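Asks: Residue-level listing of the chains:
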Amino acid sequence: MTLRQPPLADAHEASGATLTEFGGWEMSVEFDSIRAEHETVRESVGRFDVSHMGQLTVSGPDARRLTNRLVTNDVSDLDPGESNYAAITDDRGAILDDTVVYRPPEGWSVDADYLVVPNAGHDTEMTDRWVDHRDAWELDAAVENRTESFAMVALQGRDARDLLAAETDADLGDLGRFETTVGAVAGVETLISRTGYTGEPGYELIYPWEEAEAVWSALSCQPCGLGARDTLRLEMGFLLSGQDFDVDENPRNPYEAGIGFAVDLDTEFVGRDALEGAAVEGVDETLRGIELVDRGVPRTGYAVESPDGDQLGEITSGTMSPTLGRGIGLAYLPAEVGLDESVRVSVRGEPKKARTTATPFLDR
Amino acid sequence: MSFDVPSDLRYLDSHEWARVDDGTARIGISDFAQDELGDVVFVDLSGEGDEVAAGDDFGVVESIKAVSDIYAPLSGTVVAVNDDLVDRPELVNEAPYGDGWLIEIELDDESELDDLLSADEYGDQIA
Chain P
1 MTLRQPPLAD AHEASGATLT EFGGWEMSVE FDSIRAEHET VRESVGRFDV SHMGQLTVSG
61 PDARRLTNRL VTNDVSDLDP GESNYAAITD DRGAILDDTV VYRPPEGWSV DADYLVVPNA
121 GHDTEMTDRW VDHRDAWELD AAVENRTESF AMVALQGRDA RDLLAAETDA DLGDLGRFET
181 TVGAVAGVET LISRTGYTGE PGYELIYPWE EAEAVWSALS CQPCGLGARD TLRLEMGFLL
241 SGQDFDVDEN PRNPYEAGIG FAVDLDTEFV GRDALEGAAV EGVDETLRGI ELVDRGVPRT
301 GYAVESPDGD QLGEITSGTM SPTLGRGIGL AYLPAEVGLD ESVRVSVRGE PKKARTTATP
361 FLDR
Chain C
1 MSFDVPSDLR YLDSHEWARV DDGTARIGIS DFAQDELGDV VFVDLSGEGD EVAAGDDFGV
61 VESIKAVSDI YAPLSGTVVA VNDDLVDRPE LVNEAPYGDG WLIEIELDDE SELDDLLSAD
121 EYGDQIA
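Protein sequences, first through last, are from chains P and C.
So the first sequence is numbered by the working numbering: it starts at 1 and just counts up by one.
So the second sequence is numbered by the working numbering: it starts at 1 and just counts up by one.
A hint or two may mislead.
To give an idea of the interface, some chain P residues facing chain C are shown, with a C-beta separation under 8 Å as derived from the structure [as the list claims (entries may be wrong)]:
1) GLU30
2) SER33
3) ARG35
4) GLY227
5) ARG295
6) GLY296
7) ARG299
8) THR300
9) THR319
10) MET320
Because the hints were derived from the structure by calculation, they are not lab data.
Every value quoted in this text rests on a predicted model; they were computed, and no experiment measured them.
We put the beta carbon where it would ideally sit given N, CA and C, even for glycine.
Build out the structure end to end from the sequences listed, making use of the hints.
Replies: Structure (C-alpha cells):
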C-alpha cells in the first residue's frame, strides 16, 4: 500500500525527522527527541504537522440536520466560529471515531456550513457515512472529503499565542477554547481554532495544502512529531482512535471511554437509544488511568491485575510520562474498581505495583 | 548522520559492544542503537551472579517509543550491573560507551571474541 504523504513531507525529510506509518500516512514521529519535544510544549511552544487528520465539509439546507444525526454531541446550536468535541457512534453506541465539529467563522472563503475533523485514516469512511445517511434520509446536503485540500498544523504551548499573534492579522485576544476565527497567517488565509490535544493552550490551523510550508516555516519553534503528540495526549488521558477504542478490536461506548460529556441524549443521532440504555443502566467497564508505583513502562496489551493476580483488563495506551517520570497508561477495568486502588501491571511477566488514578494525570 | 564506533571495542550485529580487559567484559549498546531507540527511560537487566550465554538476551532497554531486547556478545557470569541507570537511564543516550554501560561479565571463554565484529566491520554494517 502506498502511504499518503502530508504536504510537509519534503520539509520533514530535509529536517532529518524519523518517519513512521500512522493511519495510512507517512508521518514524522520524532524530530529531535520525544522528551525534548514534549518538554518544550509543556514549557513554551511547539508545532506539529497534523495534516493526516481528516477534513469533511458539509453544506446545504440539511447540513445541520445531517451532521447532528451522526455525532453524539449537539452541534445544532453552534454559532459561526464555534466548535465542539463529539463521538461518532454506530447503532449499538460503539465509537467509530471521535471528532471536532466546527461551524466555520464568517469570512472563511471555503464553502462549508460544517467542518468535521475525523482522525487519520477515517476520512474516507466518514465521508461515505455522511453520504450514505444523507441519501438514506433523503436530505439535501453536499458532503466533500477535503482532507487533501488542507494542511493542518497544531501550535501548542503557553507561548503559542504570542508566536501566532506576531504572524497573523487575526485578533486572538478573546478567542476562547473551541472558538475559531479566520485570518491571514504568513499571508495565507487560515482557519484558526483554539483547540489541541496536548492539554496546553494553543491553536490548530487549517489552511490550503499547497501553502503548507509558508505557514509551517513562519511559525518558527520546536517541530514535534507524533511521538511527543502521543506522550502529551496520554498525560492528559485523551483517547487515541484505533487504540483506546476500535470498533472492530475493542468496541466501546462513550460512557465506557470516559467521554460521556460529549453525548447529548436530547438530540437524535445514530446510537442514541443504545446510549440512553447505557446511561440508565450504567456500564460494566470504564477506562481508568493507571500509574505505576514500581519502575517500569506499561505498554499496549499488558495485563492489569488485582493484587491477587486476577486479570482485570489490559493496557490500551501506555508510556513513560516525561513530566511525571512514571509509567502511565489507560485500561478498561470493571466499574467496581474505583480510583486510587492498588492493582498491578504485568510487565514481561513481572507484576509491577500500580494504582488506578483519575485522568488527566497532570493538573492542567 | 554518522555514529561513534570506538576502534578498541568489539560488536554484535544486534548493536551491543564489548570491552574486554583481563578476562572481564563490559557490555553496552552502541551509539547507533541509542539513537535508534531514542530517549531511554528504563533499563531492566540480569542481576549479579546470573549466567549469560553469547547470543541470548539478558535484559531490555526501553525508550519512550520502544522496548528492545539486549543480547550478550559473550558468555560468562555477571559480576557488575550499572546501578546508575536505575535513576538515570538517560546515561545510555548520553554516554553509550561510557557511563551508560550496562553490565560486566566474567568471561567463560575469551576465544568467543573472535566471533564478534571489529569496529570497521560494525561501522560498515550501520553505514
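Asks: Tell me the hint numbers this structure goes against, listed in increasing order.
Replies: 8
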